[in-house]
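K.L.:
Letter by letter, the chains look like this.
2 protein chains.
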Amino acid sequence: MIYIDGGVCAPKGFLASGISCGIRKSNKKDLALIVSQKKAAAAGVYTKNLVKGAPIIVTQKNIADGYARAIIVNSGNANTCNANGIEIAEGMCRLVESFTDVNSSDVIVASTGVIGQKLSLEPIERGMPSLVEGLGDNSIDAATAIMTTDTAIKEVALEFCLGGKQVRIGAIAKGSGMIHPDMATMLVFVTTDAAISPEMLQKALTDTIQDTFNMISIDRDTSTNDTMVVLANGMAENACIVSEGEDFEVFKAALTEISLKLSRLVAKDGEGATKLLECTVSGAKSKEDAKKIAKSVICSTLLKCAMFGSDANWGRVLCAIGYSGAQVDVNKVAVSFKSEAGEVSVCSNGGGIDFSEEKAKEVLSCGEIIIDVSLGDGEACATAFGCDLTYDYVKINGDYRS
Amino acid sequence: MIYIDGGVCAPKGFLASGISCGIRKSNKKDLALIVSQKKAAAAGVYTKNLVKGAPIIVTQKNIADGYARAIIVNSGNANTCNANGIEIAEGMCRLVESFTDVNSSDVIVASTGVIGQKLSLEPIERGMPSLVEGLGDNSIDAATAIMTTDTAIKEVALEFCLGGKQVRIGAIAKGSGMIHPDMATMLVFVTTDAAISPEMLQKALTDTIQDTFNMISIDRDTSTNDTMVVLANGMAENACIVSEGEDFEVFKAALTEISLKLSRLVAKDGEGATKLLECTVSGAKSKEDAKKIAKSVICSTLLKCAMFGSDANWGRVLCAIGYSGAQVDVNKVAVSFKSEAGEVSVCSNGGGIDFSEEKAKEVLSCGEIIIDVSLGDGEACATAFGCDLTYDYVKINGDYRS
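Top line first, the protein sequences correspond to chains H and G. Heads up: the first sequence runs through residues 7 to 408, numbered per the working numbering. Heads up: the second sequence runs through residues 7 to 408, numbered per the working numbering.
No wet-lab data here; the hints were simulated from the structure. Predicted model, so just to flag it, every value in this text is computed and none were measured. Certain hints may be false.
Which copy is meant is left open, so a pair is good if it fits within one copy or across any two.
Using 25 Å as the maximum straight-line C-alpha spacing, the simulated BS3-like pairs for lysine-lysine come out as follows [to be verified]:
no. : residue 1 : residue 2
1   : Lys267    : Lys365
2   : Lys293    : Lys267
3   : Lys258    : Lys367
4   : Lys367    : Lys344
5   : Lys365    : Lys209
6   : Lys54     : Lys67
7   : Lys291    : Lys54
8   : Lys267    : Lys171
9   : Lys293    : Lys54
10  : Lys258    : Lys18
11  : Lys31     : Lys365
12  : Lys124    : Lys367
13  : Lys291    : Lys344
14  : Lys31     : Lys367
15  : Lys338    : Lys54
16  : Lys18     : Lys44
17  : Lys365    : Lys401
18  : Lys67     : Lys338
With the hints as constraints, model all of the structure from the sequences given.
P.N.:
Have a look at this one:
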C-alpha cells in the first residue's frame, strides 16, 4: 500500500473541479464537482444529529439504489434549517444534469457553512459552465472549494493491489469546527476504481468510521451536515467484491488507512488549533471502555487548554478518565506524554510520580502530542484524535457569521 | 422568604473563619473553618467522578451517622490522586479536634486546587491557632479562603418562617473551572438553624440539586472534588422536621432558592466568563428531555463563543438541540434571545425568521442572556446555567499550575 498524489482524481475515471461562484462574499472557491466516467457503487454515512442538512435527505434518496456518478458541494452556506432547503438541494442535482450527462438522481449533494441562511441557486447556476469546463485532474481545486475555516487542504490517495489488479483510492475532506462526528465527519468524499458491490462498500464504510472519523473531536459539537460518501466505479477491473473475504479485508484496510490519515489531518487543523492531540488507551476491559476514555480525554476543555500551554497537568487526564463513564480501576492507571521530543511518564498507579517539568515542557511544545493512558485492566485499546483549545478558536467562533 | 446578610454565619450558632496559612505561594487566604455550637444534622452530595478526592472519602465516613459540627477546607491543592491523601484529610480533621472542642469524627473536610500534588499538614497545623482565634461572624473570610480562580465571593443567606419560628439558612460556594457538576458543584457549604432529621435533610438536598447545581456547566469537566454539604443545628427551635409535609416543603423551597441563586453566581463567574447564559426550555415531552436540551445548548462550545462575540448565530442552538439525545420534532422548535435590553425571536418552526441584527447585537451585549427554546411538543420545562467561552478561559487554563 503506497501513498500517491492526485486525491479524488487518482483512481481511474474520476474528474474534479472547484471554482468560486459567489456564494461567499470573498472570492474563495465555494463550489466543487466530482464526476465518475462510469456509474459507481455508492455508500454514505451521515450525521446522527436530529437537525439534518437538507442535502443529506436528498443524497440519501439519490443513493438509495446503491449507485451514483457525481458529487456537487458548496461551502459558505449549510443549507440547513431552511424552509426550501430540499428544493435547493434537488435544484443543485438538476443543475448537474443540465450541464453534464449525469442523471440528477445519480448526484450526491452536500453543503457546509452557516446554518439557517437562505441559499440561492442563482450563483450556482451562473457558475455551472466554468465548473463543468474545469473538470479534470483537479482534486486540489475541489478540496479547496469545500474548505470553510480550514487552514489546510485535506487530500490523500493510496495505491494497492487487489486480486492481482492495481487499485487506487482517493479522498478529500473538510473539518475545522463543529466537529464531533457521530457517523462521519463534516464532509469526506472518497473515490476508488475498485470493483465492489454497493452492499459491501457500505459495510466497509460503516466498519471503518468507528475507529477513524468517529474518534475525532474538535469541540464536541456534532454537526448537522456530517457526510462521508464513497464512490467505487470498478474501472480497476479487479474481480468485483461481493462478499467478505481476503479482497474485502484488503479494500477495507486501504479505506481505513486513508480514513486514519484524514482523521489526523482534520484533528490537526481543528479551528484555531496549534497541536494535534492523540489519546492512546490500552489495557481496557473492553473496546467500548477504551473508546469512552480516549474520547473523554481528548474532549476535556481543561486538558485542551493545558496542552495549548504545554502544561503537563496530568490531573486533568485522570479527571476526564474518571467521568468518562467507563469502568476503570483508577488505582492502576498510568499516564505518559509523548512527542518527537521524547516521552515523560507523569502518573503511575493512579498517583503522581516525580518528573522533570523542563523535559515535560519540551515534549509538550511539539506539534503532535500523544497522551498515553495505560489501564492495566485488560487487553482492549483505542485511539482518539483532537486538538488544543486556543485563543484563535474563541476568536474564529466569536464572530463566525461576519 | 427574604435575603439577609451573613452567609453561613447568618443562622444561629454558626461561626466561621478564613486565613492564609501558606498552602498557596501567594498570600491569598487558603484555609477556612466553619463550626456549629451544637452538633448538627448533616447531609452531603458528592461528585460521581470515579477519581474522587481523598477528602470526600473521609467526609462520607464522618457524616455516616448523620451528624457533624465543623467544616475545614483548604484551597490551592485538591488532595486528589495523592498516595497519602486519606491520611492528610484525616490529619486535617484531627487538627480541628486538637484546637477546638469538636471531635475529629464530627468534621467535614474538603480541598480544592491542583490534582496530584502532595499536600503537607505543616502549613495547616501552623495556621490552626489563628484560624480558630478568627472564628466569628466571618462568613466572607471563609468564602474568600475557598476561592481558586473565582473572581467573586459567592455567599448568600435567607430568612423564612417554619412552624411559627424564624429560621435562617446560609451558604458559601466556589466554582470557576472544572465545573459540570454531576451531584453537586465544586464546593458548597450550607448552614441552617432549622431543626430537621438527617434523613429529611439528605432528601431535601438530593431533591434540590437536580434542578440547581446539576444544571450548571462551565466546561463539561466534572470535577473530582465536587462536594455540597448542609449542616442543620436546630437552634431555631422549630418542631423538628422528621417527615414529608408542609414544613419539609417550606424548608426545601428555601434550600432551592439559595441553591438557584448560588448556581447563577457560579455560572456567571465561570473561568474567564463575561456573561451568564441561561437556557430555558419549555414545551418538552418530558422533564428529562427538557434537561438534556437545556444542558446541551449551554454546553455547546460554538454557542458559548458566539455569545462571547454577541453573535445571534442561532443555527448553533438548533445544532445542539439536534445532538442532545432528546426526542424532539425539529420542525416545531422556536428560539429567542432575551436580556435586559429586550427580546429578539430568531427561529420559528425550525427555520430562520427575519430579525434585526442590530437589535440582536444589543440584546446579546448584556451580561445576562437567556436563550429561550420552545419545543411546542409537551408541557415539561427546564433551565440550565452556563457562561460564555472567552480568551481568558484559555489563558487561565493554559498555565493553571504556575
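K.L.:
Going through the earlier hints one by one, which of them does the structure break, listed in rising order?
P.N.:
When the structure is compared with the hints, numbers 1, 3 and 5 turn out to be violated.
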